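Number of protein chains: 4
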Amino acid sequence: MTHDDFKVKVLGRAEVKSKLTPSSLSDGTAFGFIENDDRVLINTTLSNYKQDVETSKTPISFEIAGPHEYLYFNPSNTKVAIVTCGGLCPGVNNVIQSVVNQLYYRYKVKQIVGIRYGYEGFIAKYNHQEVELTPQSVDKIHFFGGTVLGTSRGDQDIVQIVDRLSKLNINILFCIGGDGTLRGAHAIHQEIHRRNLNISVAGIPKTIDNDINFIDKSFGFETAFTIANDIIRYAHNEAIGAYNGIAIVKLMGRNSGFIAAHAALSVHEVNLVLIPEMAFDMDGSNGFLNVLQRRLENRHHALIVVAEGAGQHFFDSATLEKDASGNIKNKDIGLFLKEKITEEFEAKGFPFVLKYIDPSYIIRSAPANANDSKFCGLLAQNAVHAAMAGKTDFVVGHWNSNFTLLPIPISVSKRKEIDVEGELWWNVIETTGQPASMKKQ
Amino acid sequence: MTHDDFKVKVLGRAEVKSKLTPSSLSDGTAFGFIENDDRVLINTTLSNYKQDVETSKTPISFEIAGPHEYLYFNPSNTKVAIVTCGGLCPGVNNVIQSVVNQLYYRYKVKQIVGIRYGYEGFIAKYNHQEVELTPQSVDKIHFFGGTVLGTSRGDQDIVQIVDRLSKLNINILFCIGGDGTLRGAHAIHQEIHRRNLNISVAGIPKTIDNDINFIDKSFGFETAFTIANDIIRYAHNEAIGAYNGIAIVKLMGRNSGFIAAHAALSVHEVNLVLIPEMAFDMDGSNGFLNVLQRRLENRHHALIVVAEGAGQHFFDSATLEKDASGNIKNKDIGLFLKEKITEEFEAKGFPFVLKYIDPSYIIRSAPANANDSKFCGLLAQNAVHAAMAGKTDFVVGHWNSNFTLLPIPISVSKRKEIDVEGELWWNVIETTGQPASMKKQ
Amino acid sequence: MTHDDFKVKVLGRAEVKSKLTPSSLSDGTAFGFIENDDRVLINTTLSNYKQDVETSKTPISFEIAGPHEYLYFNPSNTKVAIVTCGGLCPGVNNVIQSVVNQLYYRYKVKQIVGIRYGYEGFIAKYNHQEVELTPQSVDKIHFFGGTVLGTSRGDQDIVQIVDRLSKLNINILFCIGGDGTLRGAHAIHQEIHRRNLNISVAGIPKTIDNDINFIDKSFGFETAFTIANDIIRYAHNEAIGAYNGIAIVKLMGRNSGFIAAHAALSVHEVNLVLIPEMAFDMDGSNGFLNVLQRRLENRHHALIVVAEGAGQHFFDSATLEKDASGNIKNKDIGLFLKEKITEEFEAKGFPFVLKYIDPSYIIRSAPANANDSKFCGLLAQNAVHAAMAGKTDFVVGHWNSNFTLLPIPISVSKRKEIDVEGELWWNVIETTGQPASMKKQ
Amino acid sequence: MTHDDFKVKVLGRAEVKSKLTPSSLSDGTAFGFIENDDRVLINTTLSNYKQDVETSKTPISFEIAGPHEYLYFNPSNTKVAIVTCGGLCPGVNNVIQSVVNQLYYRYKVKQIVGIRYGYEGFIAKYNHQEVELTPQSVDKIHFFGGTVLGTSRGDQDIVQIVDRLSKLNINILFCIGGDGTLRGAHAIHQEIHRRNLNISVAGIPKTIDNDINFIDKSFGFETAFTIANDIIRYAHNEAIGAYNGIAIVKLMGRNSGFIAAHAALSVHEVNLVLIPEMAFDMDGSNGFLNVLQRRLENRHHALIVVAEGAGQHFFDSATLEKDASGNIKNKDIGLFLKEKITEEFEAKGFPFVLKYIDPSYIIRSAPANANDSKFCGLLAQNAVHAAMAGKTDFVVGHWNSNFTLLPIPISVSKRKEIDVEGELWWNVIETTGQPASMKKQ
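Chains as they are written, first to last, in UniProt numbering: chain D, 1 to 441; chain G, 1 to 441; chain C, 1 to 441; chain R, 1 to 441.
Where hints are given, some of them may not hold.
[Stated by the list, open to error] Quick list of in silico lysine to any residue cross-link-like pairs, SDA-like style, CA-CA up to 20 Å:
#, chain 1, residue 1, chain 2, residue 2
1, G, Lys338, D, Leu335
2, G, Lys331, D, His68
3, C, Lys340, C, Met282
[Stated by the list, open to error] Label pairs and their in silico Cβ distance ranges:
#, chain 1, residue 1, chain 2, residue 2, range
4, D, Phe33, R, Ser413, 47 to 57 Å
5, R, Val159, C, Pro351, 41 to 51 Å
6, R, Tyr70, G, Val131, 40 to 50 Å
7, C, Asp216, D, Ala347, 38 to 48 Å
Keep in mind that the hints were calculated from the coordinates and are not lab data.
Please read all numbers here as calculations on a predicted model, not as lab measurements.
Beta carbons: idealized from backbone N, C-alpha and C, even for Gly.
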């Protein structure tokens, strides 16, 4: 990828329609607006720097998000729609609320509608009515998990969606969702572009798994491992409460183990973490089952955290199903481990008690914790700044200490994963004391 | 049952060995000791009173628990054992800690051992070593769920248990467990009695389901519905997050719906509660499935709380299994509902999204909340008072505002249930707005 | 007091206007309505029973609360007002919500108004407008502390209040407040009676201190000591974090130490509890300062919980101020202890570090916990049942396991206190290990 | 400052004594050790990059922390001391535990002592004994706030400290504390250097205020604003519970408003934030008092968050006291605001109710939340890696997404502050809607 791939599109700049003058802000003070052309480096090591200097290459970088002095849209006649798609994730309501408040109070945009139940809400046959959103109607929603707009999974017809946007005279569409949703948002943008409409499409990436590329942290992720932390503590009580007690907690993470890894780093009782990025065997002297048995012989209890996408190599990929969003439905690794352990230890006459805990719905439907609440608010404010300035086909992200803007295609180009030879995984190994490899030998 | 059935046994009173004089208390002040013969009425209505007066019958009543001036055991050479059995329940560690602290600091009993992993810990073949318990070793355990002693299910050989008690020179055995455990404790008492040993057997009833008869509240129960409360709130977010979203939360309650009912009363979002005590049909115009569909047509989301023992009439009782404690393993009513709803609504083409949540292990392994923590401490203190006074074959209970003592046989004579024509269930009906009956018509 | 003092008044029974027939309940099922004349005994010991039988006296008792078949008010034209007075207390919003929902959904009463800012809201000069209350407008309020209606302290002119009630055509007034508020409610009832109006006045007693007589537990009290529990745990960290570290936590309790005592029973780290009901000296070999010093010499940290009304004997009563509600403003015993300790230990050159923590506003403004939430709902439902049946000048209470109804004058006749020679205080002494007396010798 | 100022010192590299070979790790796998010479840029904008390239200057950067292949100390005879100083902060116990576990399990260092009560613990006259630290002794401490080692404020004699380190044969000293502590650590290092001792001094910076320079986040800070979040929510209930209700919450922040700002961003109910970095007037049409009054006239409640160091310009600096650590003791701005508001509004006859809440001790003594818990663990692991590699006079920090190492003098060279013309403060202004300036006009 080159520098240019990271440039965010702007709706026809010539048509700038208004200026964020003192009078359009709630207070007249002049803040330092974002200079359009400053950016933040993706790679920030000194060795990278030296390499870039040597090769005289402009390093790849992200646009920094923030308020712009010149607006593309005139607040007094701008109409905005918000849609939330995909699975629940802590913080969605915070994002909705902050988009509404930022538009209403800071930009004086008063026409905001919520689309019900994801992209379904644009499609006539479902007959979901839009709802008007005001600071009053979203007043307390940040205290609750879920999404007040409702959500759904799966693609809908792009042409009908853009028809509906046109009919509603929408100028800006905020799409809150995961990579399927963002691919949809990009397709919507392309159809808008084809029709030469002046509609900005802004993505606010939602992935509880924290696996969106080029974004160092996604909202709801911290809340997820925070809640998992309590559940793991309790699971530890199950493990120590029985002779050779085993507790298995399955956490979210279809393609990556960020929640599992961070949860294990935040609660020091975990003995084994299994994630999609790692290869491991069940059998063999270094395999999972023997590692577990040795642990039990030594300490008489074991606490295991497993990401839902771990160990999928044990299943025949030909048989893997997909959900309505097109995500592969993982075979249940938790139940698989339960079966295998039971089979093996019963065969050996090795006594044990096993408890299997799957708290996914409890985690994803929780309200955002304080830090995520703050983060959601700032993501939303920056998304509004960018959209009001006419940027489109973008997502708002975060990199190092900056809020950033990225083209949607870049953000969905691939998923972020844990490097099992990198620092994070080393930290997990050091914290849990688990063997660095559980490959058969 | 008559007045005499409620009398607690005392080890040969003639042999009183010491007195709780000022010097054996940490401080010399004379408190009002419990008068041995005051009791608290079981039925406290005025109409009952009048009936008893008319019939000149001594009303049935419980012994009031509390400190006794004359002790049966001499603290300086008393040795105590504590055992915890059955499933986890919030507060077990609090009980252990308070028994230890009360014995150690108030009675100066310094020899206390913990039996590991339930009744297994008495049986040689399991090779579990007793652990010494001191205020230091139990210092922080009340902040954690589970049991530091470990637990197991199922009966063990009574003769071997009493052999071990004799060998360890135990004078008092505290058994913390459910009705299976208490039946075991009673059998231990009988064997002790047969051998003419001076060992007191004290039961501290543990049932997260709150279903012990003649005890108005069992420890851990409030914590259970408190944690369920949060989980139900989050489940509500799942329900409202989808069009015709249904969330089913299965809560503990094998034979009674107390947790389900209290959870529904504490969080006002629940629409339907199903408990073992109620009869209901799936089909028919007033049956569960139609009630649910009408709810969805009207409000487009539904939140259901189901006790694990509800609807067992849908299963063939011949096939019901038992667990190691002899409890009937309920067929999973949650999964049954999920299947039936899916079948019915898919057949009808009625759109819905269903999430099924089973948080049992998360609830039962949590630490006690503040009120349960207080309650556990007082139960333990009263159990120690009674045992030091030589009472045996008893459980410590609570009735109205008093801590009480009951003979073990009385406490396990039958299980407490919700009266579906009584006030509690009426309150649930009023709070949820669910139909008073879901019987087919 | 005699049996008759405990009789609840009813608005002219002859004028019964409607019946809670199946059609006026949401569902036609016949529940067991409350028999008007059953009651629950106040004293429930067997010795009391025998004494009553001997003396042939009808024992004093409370009316049991619950739904009545015959209503006094016709739901379709009944208008209800709710007012909240005095200091904040966890659960007020739950009570408001449940009164509204019970009236609306179960009785089909649709005209409900909220009076703003306590009794001020009835008085023209303050110009506070009533607000309409519906299930929608109170939908989420139970998740929040405080009161959505606002509150104020102090008496207002009774004549103007009844004028306003008349003008608004109110049939039932629910007063949620402490004993000042309830005295006001009684005065309102008397003025109503003088004018021969058919307005029912229902009190829902609110006292975070749990000191209302003849009521075994008031709403918000459990939440209060639950939140205090966490704060005390943290204060313990302050105490152990320094050499001879002292942490003093002041808790609510103007005339009684229930919160302090229950908090100390729920968190086992507390070393000294001081309450209004106990006498203690600062000086002398057994006085507070020496007890504290010995504790520090022995363990090098001390955790003290003090009720705000403790030790008022150290202050000159002539100088005690009253707040707008007429409550005596306690001199700050926490600051007094801090000063005295500092003075004494500095004079002696005894090293120490002292942290003083006053969390009152944090506690009283918190949302109700699960058990209080349940309790508030049931209190409200029972208050509505009684008021709809035409009862007046009553409060809804709780005794042993029953919701009860009491005449307001009885409930405010005196305050409940801890008996320092009784079981609760003995439990505190046993749990903290503090000396039973800190009187000078 | 130049590139060289950011170089971390190493104890005489020639004397490398051991290698972190597979056998000294718990598991033989080779991880990617940190390359000694890679670093991470401090300024990461593209404009900075271009400027550096133009001027051919090596950009300033931090050393990246991580495990080193070659160790300076031989684990089998290394002895380590840990000391905690200054005020409490969430996470200190996590850091202690993780230092111990990392040394013990990963490096096989078995001799670890805890110094009691800060630097006092080194000084003979205080007579505080060191305690041995093992994984068992620190097993559960991460669940609790405070510090198990105890702490104290203030400088102690450096010569005596180094004498004690020598006498105890300490090889590595971990100092957990704020900038006073770190200055002390640097002085200890200098004395060690003067004496030619091979003792590594490692700083783990603790500042709940998050104001250490060149470190983007300090441990405990997130927990602080998380707990503040709940307290602010409750304070909001106080504000809305009264007519013209004002709630003032004072939060920590002696020289910077990070906690206040982040708390306000995480809970959207705050109306006014006051921080040390901002100038504001009490009087004048745009001054604080008028802003507050207009807010009340408009909405009838106001929620104010004030950092303890705000508005110190209102006090005569000549009279400011210092605490034992040499920190200026701020005059209480909260009480000052309370007085001024009361004075002004009473004079004007403007009705109001004001509640002042100071939760500092409750916040700083809380246990670390999940994210801080994780962060503390990783800080500790990285501090151990660096110290075992012979680095000294350093602190472990965090910058963007990397754990870093900095020379102590750099980290204490100045305090970090909020730029009131920068993005964070702009976000606060946008979120609260408060005027960008409250300067008199």
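Verification of the hints:
1. Lys338/G - Leu335/D: Status holds; Cα separation ~19 Å.
2. Lys331/G - His68/D: Cα-Cα ~61 Å, so violated.
3. Lys340/C - Met282/C: Between Lys340/C and Met282/C the Cα gap is close to 8 Å, so the pair holds against 20 Å.
4. Phe33/D - Ser413/R: 47 to 57 Å: violated (31 Å)
5. Val159/R - Pro351/C: 41 to 51 Å: Since Val159/R and Pro351/C have Cβ atoms about 23 Å apart, the given range 41 to 51 Å is violated.
6. Tyr70/R - Val131/G: 40 to 50 Å: holds (44 Å)
7. Asp216/C - Ala347/D: 38 to 48 Å: At roughly 57 Å between Cβ atoms, Ala347/D and Asp216/C fall outside 38 to 48 Å, so the hint is violated.
Hint violations for this structure: numbers 2, 4, 5 and 7, all remaining hints satisfied.
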